[in-house]
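Visitor: So you can see what is in the structure, the chains are spelled out below.
Protein chains: 2
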Amino acid sequence: MKIAVCQINTTVGDFDGNVGKISNNLKKAREAGCDLALFPELTLTGYPPRDLLDRFSFYEKAQRALDQVAKEAKGIVAVMGTILENKESGNPLYNAAVAVQDGKILYTYKKVLLPNYDVFDEARYFAPAPHPEPPFSHKGLKIAVTICEDIWNVEGVFTHRLYAKDPVEELAKAKPDLILNLSASPFHHAKLSVRQTLLKDVTRKAHAPILYCNLVGGNDELIFDGCSMSMDGSGNLFQLGKSFEEDFFVYDTENPSLKPAQSLESETAKIYQALVVGTKDYVHKCSFEKVLIGLSGGIDSALVACLAAEALGSENVMGVTMPSPFSSKGSVDDSKSLARALGIEFKEIPITPLYETGLKTLYPAFKNLPKDTAEENIQARLRGLLLMALSNKFNRLVLSTGNKSELAVGYCTLYGDMCGGLAVISDVPKTLVYQLARYANRKEEMIPEATFTKPPSAELRPNQTDQDSLPPYETLDAILRLYIEENQPPSKIEKAGFDAKLVQEILKKINQNEYKRRQMAPGLKVTTKAFGMGRRVPIAQKFNEE
Amino acid sequence: MKIAVCQINTTVGDFDGNVGKISNNLKKAREAGCDLALFPELTLTGYPPRDLLDRFSFYEKAQRALDQVAKEAKGIVAVMGTILENKESGNPLYNAAVAVQDGKILYTYKKVLLPNYDVFDEARYFAPAPHPEPPFSHKGLKIAVTICEDIWNVEGVFTHRLYAKDPVEELAKAKPDLILNLSASPFHHAKLSVRQTLLKDVTRKAHAPILYCNLVGGNDELIFDGCSMSMDGSGNLFQLGKSFEEDFFVYDTENPSLKPAQSLESETAKIYQALVVGTKDYVHKCSFEKVLIGLSGGIDSALVACLAAEALGSENVMGVTMPSPFSSKGSVDDSKSLARALGIEFKEIPITPLYETGLKTLYPAFKNLPKDTAEENIQARLRGLLLMALSNKFNRLVLSTGNKSELAVGYCTLYGDMCGGLAVISDVPKTLVYQLARYANRKEEMIPEATFTKPPSAELRPNQTDQDSLPPYETLDAILRLYIEENQPPSKIEKAGFDAKLVQEILKKINQNEYKRRQMAPGLKVTTKAFGMGRRVPIAQKFNEE
Chain A
62 MKIAVCQINT TVGDFDGNVG KISNNLKKAR EAGCDLALFP ELTLTGYPPR DLLDRFSFYE
122 KAQRALDQVA KEAKGIVAVM GTILENKESG NPLYNAAVAV QDGKILYTYK KVLLPNYDVF
182 DEARYFAPAP HPEPPFSHKG LKIAVTICED IWNVEGVFTH RLYAKDPVEE LAKAKPDLIL
242 NLSASPFHHA KLSVRQTLLK DVTRKAHAPI LYCNLVGGND ELIFDGCSMS MDGSGNLFQL
302 GKSFEEDFFV YDTENPSLKP AQSLESETAK IYQALVVGTK DYVHKCSFEK VLIGLSGGID
362 SALVACLAAE ALGSENVMGV TMPSPFSSKG SVDDSKSLAR ALGIEFKEIP ITPLYETGLK
422 TLYPAFKNLP KDTAEENIQA RLRGLLLMAL SNKFNRLVLS TGNKSELAVG YCTLYGDMCG
482 GLAVISDVPK TLVYQLARYA NRKEEMIPEA TFTKPPSAEL RPNQTDQDSL PPYETLDAIL
542 RLYIEENQPP SKIEKAGFDA KLVQEILKKI NQNEYKRRQM APGLKVTTKA FGMGRRVPIA
602 QKFNEE
Chain B
62 MKIAVCQINT TVGDFDGNVG KISNNLKKAR EAGCDLALFP ELTLTGYPPR DLLDRFSFYE
122 KAQRALDQVA KEAKGIVAVM GTILENKESG NPLYNAAVAV QDGKILYTYK KVLLPNYDVF
182 DEARYFAPAP HPEPPFSHKG LKIAVTICED IWNVEGVFTH RLYAKDPVEE LAKAKPDLIL
242 NLSASPFHHA KLSVRQTLLK DVTRKAHAPI LYCNLVGGND ELIFDGCSMS MDGSGNLFQL
302 GKSFEEDFFV YDTENPSLKP AQSLESETAK IYQALVVGTK DYVHKCSFEK VLIGLSGGID
362 SALVACLAAE ALGSENVMGV TMPSPFSSKG SVDDSKSLAR ALGIEFKEIP ITPLYETGLK
422 TLYPAFKNLP KDTAEENIQA RLRGLLLMAL SNKFNRLVLS TGNKSELAVG YCTLYGDMCG
482 GLAVISDVPK TLVYQLARYA NRKEEMIPEA TFTKPPSAEL RPNQTDQDSL PPYETLDAIL
542 RLYIEENQPP SKIEKAGFDA KLVQEILKKI NQNEYKRRQM APGLKVTTKA FGMGRRVPIA
602 QKFNEE
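Residue numbers (this note's numbering), protein chains in the order written: chain A, 62 to 607; chain B, 62 to 607.
Worth flagging that the hints you see were computed from the coordinates, not collected in a lab.
A quick note: this is a predicted structure, and the numbers were derived from the prediction, not measured.
Be aware that a few hints might be false.
Identical chains share a label here; the pair holds if one copy fits it or two copies do between them.
[Claimed, not checked] Once the Cα atoms are required to be at most 25 angstroms apart in a straight line, the calculated DSS-like pairs of lysine-lysine come out as: (1) K454 / K165; (2) K390 / K408; (3) K428 / K397; (4) K397 / K320; (5) K590 / K577; (6) K569 / K135.
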């Protein structure tokens, strides 16, 4: 039997668009002689639909979309993800997979394991099935279905077992000939190898090949990388779908042909591509075409400009430099060179007159008090105000350019440089920003060399550099990774070789600046723990971590 | 046996402070001849600790706090809430109640039902106990313990059963002499009567009196109203704790004396008091003393100033009026009168010079394009910038003044009037703002009459009023309530008597402005569905509700 793995980019709530993509893929699958076509998790609704799931009309539209696909699946079985009603006690919906053909529903499967950690809230919406539905038969094959997390509890892969049940173990008892998995598994660095280890374990346990269809594309903070797979019953990888783009491949159960796996060359390349897709999909799925970026002459905004130009086309990107009395000539020149190299529109709008008027306006209140962060923030906020004015006037989405290191310690201005609809690199530590910026220059020099070599500076007072108030970024990023991503207590961070006082200072800054991050734009997640929906920390609290 | 119900205001992560409050109450309870003292849910950690629960040192501190309370509970049983470790599969913690005395743990109970809807994320952190722990015996009484949600699944009270299990039913089989409940049940309007209905049903089912100890005080978005209760086995309310302040009362099982229930006179008064406490606790638990409010002359900022003065003392509140070329003289005068009546500090800082410099600065980009919301937003953002400058310079928290109606339809400026650390009335619809403002004037006129009678206006262009772009607030608020709070589909909203086209327009505006609300400050929740952590809607999506 030939099975098509249809790795598509769905949009949350876009039932017509999602059904359209399914129809196109069914056509392609029929033309390729397939008997079955497999789609990602929650194909009809998009992932994650979040609280739209509370709307009854959302459910009704999903039902209508299911009927429509059933009718269009002529002579082929479509296995797609959707929501179904739970009439018993518990949450009112199931996260389900439905197999349809010729207007009929052949089989339904309800997700057993509902992830409810980090960015996942599935226990908020769905009732878990008590057991996995037994396999269904088609063309003489016993086909088992699973949905994403259902295959993530294989013993031996993770140290702490989140779930008592293992649906794979239960399904293995039915001796399936084939396992299907519909996934919406978001990207973070090095995740592909975790998934491969997992799938191998599933095939070993069930002695059956697995077809893994993962979602691709960006939805708010989440970027799905695709990388769908087919693996034989001994855990050999046969096919690997494209990273970060739609793909379609056919697995022949009788004659599985080894297609060499094509993966992006490096982790840096993957993260870069993730950010390109995340930016593109956020902007387009929000119905925008054009964006606006404040260019400071620094590495962060330069990287965001490169990503945006690649994501949206340079004709849709505008860079704006907004020099203050403290901006170096180099910064303006570097921004100009960057804009020229990228071929993006460029504007220079000085903030000095506004800044001076602001100081005069505030003089009756500030009198001769010494200058401090208040005056620095005024500059950042005037830039935010100008970007937003251009955004409003010309209907361009502002991309904010803050990196993870500065958002962590609050080295950023709320309503200033934090302005924007999408925080493109909010999950990228500063040291990785440099690596990604090098990658952006891989073909030709987009970002001028000076932007790499000069000491990073906010240029909000004379001769300021980031290292006046922060440790070197190598040190800061290492501490941040241990604390935020690896969730280590301070004692362990110190044991990793960092000064106890410095660690305390950094941790204090992280916690004191939660209020800024609460108001940040959605940011693209590329690490195991990003600021945003996957990290929920109270603001009014008094926990001093020791 | 005499039992003290200790309704205290805990702070998240403030282990020392929380233990201190427990100690004081144990002393009081001993002095009153009590054998047992009951505290609210998660007493030691504060509620809700959210992702602080992921930190191992948070767990360690909770363990140490438990040991400390155990030692201090000399000759009295303290029943308090804390976190305990789950060593089996599943989430690593339990939400537990522990009874301690004389340095020993007498009994532990683990929460069975974990709320994971609206503002609750308990399935993110905790493992549910499979069954309620049987009652423990003390001084000849069989005492059953329950935690908050455990008593919220009584059959017949709610139409849809969220849980298959009913811990009360199971506990009733053991024929307890008394039921204790440790709660952290947040306030929303009319909630007290829901709780009373529920408790009555529990006592009827278990044929035993119940002592209900609820948390009091604000923690980020949530306001706990206290209103702890004692009820006899026939569902008669014996005692009712104070609303919105700490309280302590003693229930004598042998001689339960009916203390007349003291509840605030009206729902308006309750909501007003909720906002006062929410503001006070947010500001203080964030370690601030002083606040700053932009006064527009309108009803929203006037109400917030009254609430702040009551919450923090008028000496800690500063009002700033920032007139533009489009501000009426009345607006400035009304703000002045308000500040004078409240006895708060007052500043007038005109934005006209900044606005004019801004227009000049943007002229090369804007040229002679017609004026639109871009110019209106510049004014709002300049005001935000000035408030934030004062906030930075004088270490005052900015309170933002947007109401629920305008946040719903996006009639507010991101980074402008949305600036602030706390959105005091973001869950208060405009029509209720007027009622609360009248209540603020209950003793003497704080808010000038003109503020009530003039048509509401953002004053961002000549002769603008809110009703240029919005329906009358009575209509708007009614539609918003049906859509947001009651989760009605548009067809039902229309059937309630609203124009179909208007309903579509409003719903479209609500959904289009999700991006603004994603970046709003935490807002105090007073209705059944507030914007913020309890309403999680994707931004990049294409769901058209019909």
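Visitor: Going back to the hint list, which numbers does this structure go against?
Guide: 1, 4, 6
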